[in-house]
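Take the sequences, apply the hints, and build the full model.
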Amino acid sequence: MFKKILIANRGEIAVRVIRSCHSMGIKAVAIYSEADENAPHVKMADEAYLVGGPRVNESYLNVDKIIELAKEAKADAIHPGYGLLSENANFAKESKRNGITFIGPTPEVMEKMGSKIEARKTMEAAGVPIVPGNSTPLLHLEEAEIVAGQIGYPLMLKASAGGGGIGMQIIHDLDELRKAFSGNQKRATDFFRDGAMFIEKLVQNPRHIEIQILADHEGNTIFLGERECSIQRRHQKVVEEAPSPFLDEQNRKEMGETAVQAAKAIGYRNAGTVEFIMDENKNYYFLEMNTRLQVEHPITEEITGLDLVEQQIKIATGDALTLDQTDIELNGHAIEVRIYAEDPKTFFPSPGKITKFNIPTGEHIRHELAVEEESTVTPFYDPMIGKLIVKGKDREETIGNLVLALEDYEVEGIKTNIPVLLEILTHFEFKRGNTTTNFINDYLSHSKV
1 MFKKILIANR GEIAVRVIRS CHSMGIKAVA IYSEADENAP HVKMADEAYL
51 VGGPRVNESY LNVDKIIELA KEAKADAIHP GYGLLSENAN FAKESKRNGI
101 TFIGPTPEVM EKMGSKIEAR KTMEAAGVPI VPGNSTPLLH LEEAEIVAGQ
151 IGYPLMLKAS AGGGGIGMQI IHDLDELRKA FSGNQKRATD FFRDGAMFIE
201 KLVQNPRHIE IQILADHEGN TIFLGERECS IQRRHQKVVE EAPSPFLDEQ
251 NRKEMGETAV QAAKAIGYRN AGTVEFIMDE NKNYYFLEMN TRLQVEHPIT
301 EEITGLDLVE QQIKIATGDA LTLDQTDIEL NGHAIEVRIY AEDPKTFFPS
351 PGKITKFNIP TGEHIRHELA VEEESTVTPF YDPMIGKLIV KGKDREETIG
401 NLVLALEDYE VEGIKTNIPV LLEILTHFEF KRGNTTTNFI NDYLSHSKV
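Heads up: the sequence shown is residues 1 to 449, going by UniProt numbering.
It is worth saying that the hints were derived from the structure and are not from the lab.
With a cut-off of at most 25 Å between alpha-carbon atoms, the simulated DSS-like pairs for lysine-lysine come out as follows:
#1 K112 x K201
#2 K264 x K253
#3 K27 x K96
#4 K74 x K96
#5 K112 x K237
#6 K93 x K27
#7 K43 x K74
#8 K4 x K65
#9 K282 x K264
#10 K96 x K112
#11 K112 x K186
#12 K3 x K93
#13 K43 x K353
#14 K393 x K431
#15 K253 x K282
#16 K4 x K93
#17 K282 x K431
Label-pair restraints from in silico Cβ distances:
#18 P419 x G362: 19 to 29 Å
#19 T376 x Y443: 29 to 39 Å
#20 K3 x D279: 43 to 53 Å
#21 E142 x Y443: 33 to 43 Å
#22 D343 x N441: 14 to 24 Å
#23 K71 x F348: 32 to 42 Å
#24 D442 x T317: 44 to 54 Å
#25 D327 x E373: 33 to 43 Å
#26 R178 x H22: 50 to 60 Å
#27 K71 x N205: 48 to 58 Å
#28 P351 x G305: 32 to 42 Å
#29 T326 x Y443: 37 to 47 Å
#30 G305 x P245: 16 to 26 Å
#31 D319 x K282: 30 to 40 Å
Even for Gly, the Cβ is constructed at its ideal location relative to N, Cα and C.
Structure below.
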């Protein structure tokens with residue numbers, strides 16, 4: 001077992017990983033930027049090192065400096081969390097080259113899944129259903145026009161690299177494609193240094209369903225049920241729940257086995273998530289694979305009773321899974337909402353000092369927090385300040401308890417998206433499980449900003 005792990009991240013995920021390290025008797029090393037000197041993850045860690053200036057490229061994206069600090073701290077391993085460098089194959093390679101275990105899959109797998117085009121090809125070859133589209137990079141508008149004509153409108157224009165909705169747009173006709181192609185290609189180039197695009201047929205009224213998997217070094221692979229993450233704004237998840245209100249046991253088993261098939265096809269190791277898009281008739285298609293821990297992993301932990309970070313660490317040490325598929329039971333229902341420091345009317349970030357911070361408590365209430373009272377939310381990072389997770393015996397009870405918890409959530413000094421979350425959770429269509437990716441645009445008219 002590792003004696004010391006450096007967490008190459010910040011905010012609530014750094015706190016989350018530190019908590020599991022301590023429960024396993026492992027020392028946790030934090031890194032922090034100049035803007036995060038007094039952050040909760042810094043206070044909680046056994047050791048903490050300044051990594052650089054406030055901007056991410058000066059600090060949390062500085063591969064050489066992070067490796068240098070890991071060596072200085074004599075860390076056995078690095079946990080990348082999510083976002084930032086978590087799916088950076090070069091970071092994983094540099095960790096390995098310097099004799100430090102990277103807690104995650106191999107760099108080769110990360111590279112293969114990091115390109116959505118390559119991922120499509122790989123999954124198609126493995127017999128995993130994919131959305132109709134092209135699997136070759138489109139570098140010029142003329143190429144895109146030909147492919148779009150073959151596939152038919154409406155369609156999705158996507159960047160091959162990266163994620164978070166960057167370089168992605170729904171296209172209804174040729175005129176829209178001509179207006180959108182160069183702009184989306186430029187955004188992809190700016191963010192990911194890769195302007196390759198591809199096109200997929202638009203799945204109407206889709207749901208975003210993802211399957212959590214665990215795989216060890218001996219090839220044992222299991223799935224831990226699904227999460228529905230369809231409530232999104234601009235392709236960013238806002239509300240996540242497990243299990244999905246749309247799936248039955250047969251769907252769940254079939255999609256889980258497909259996710260395992262996908263993971264085995266690429267020789268996947270550690271925790272990962274296979275994401276699918278599902279249409280109104282429950283046809284599902286491979287979307288992408290996240291080769292890391294997901295933001296929404298706590299809802300899977302709540303209904304399975306597993307600590308996914310602990311599982312990640314054990315697999316990284318070379319331990320075989322002590323669970324098989326028959327050991328996995330799903331109990332109750334869990335929903336996670338992401339609390340953002342943003343104006344609920346405009347969705348603009350709301351940085352500032354938190355002058356009051358009272359959070360609800362209760363038997364089935366869980367918090368993952370990046371802040372505390374007197375914390376300053378800076379403009380340098382993602383505005384998510386925490387996650388609220390509630391579990392219940394069923395979906396109806398969980399929604400009711402989550403609404404009560406959000407109503408008791410007190411934050412002053414900054415604005416938050418809590419009013420929007422309450423509007424979603426109390427909406428009739430949400431309560432009846434009509435949670436497609438169009439939900440916010442269809443039912444929250446002021447949220448089309």
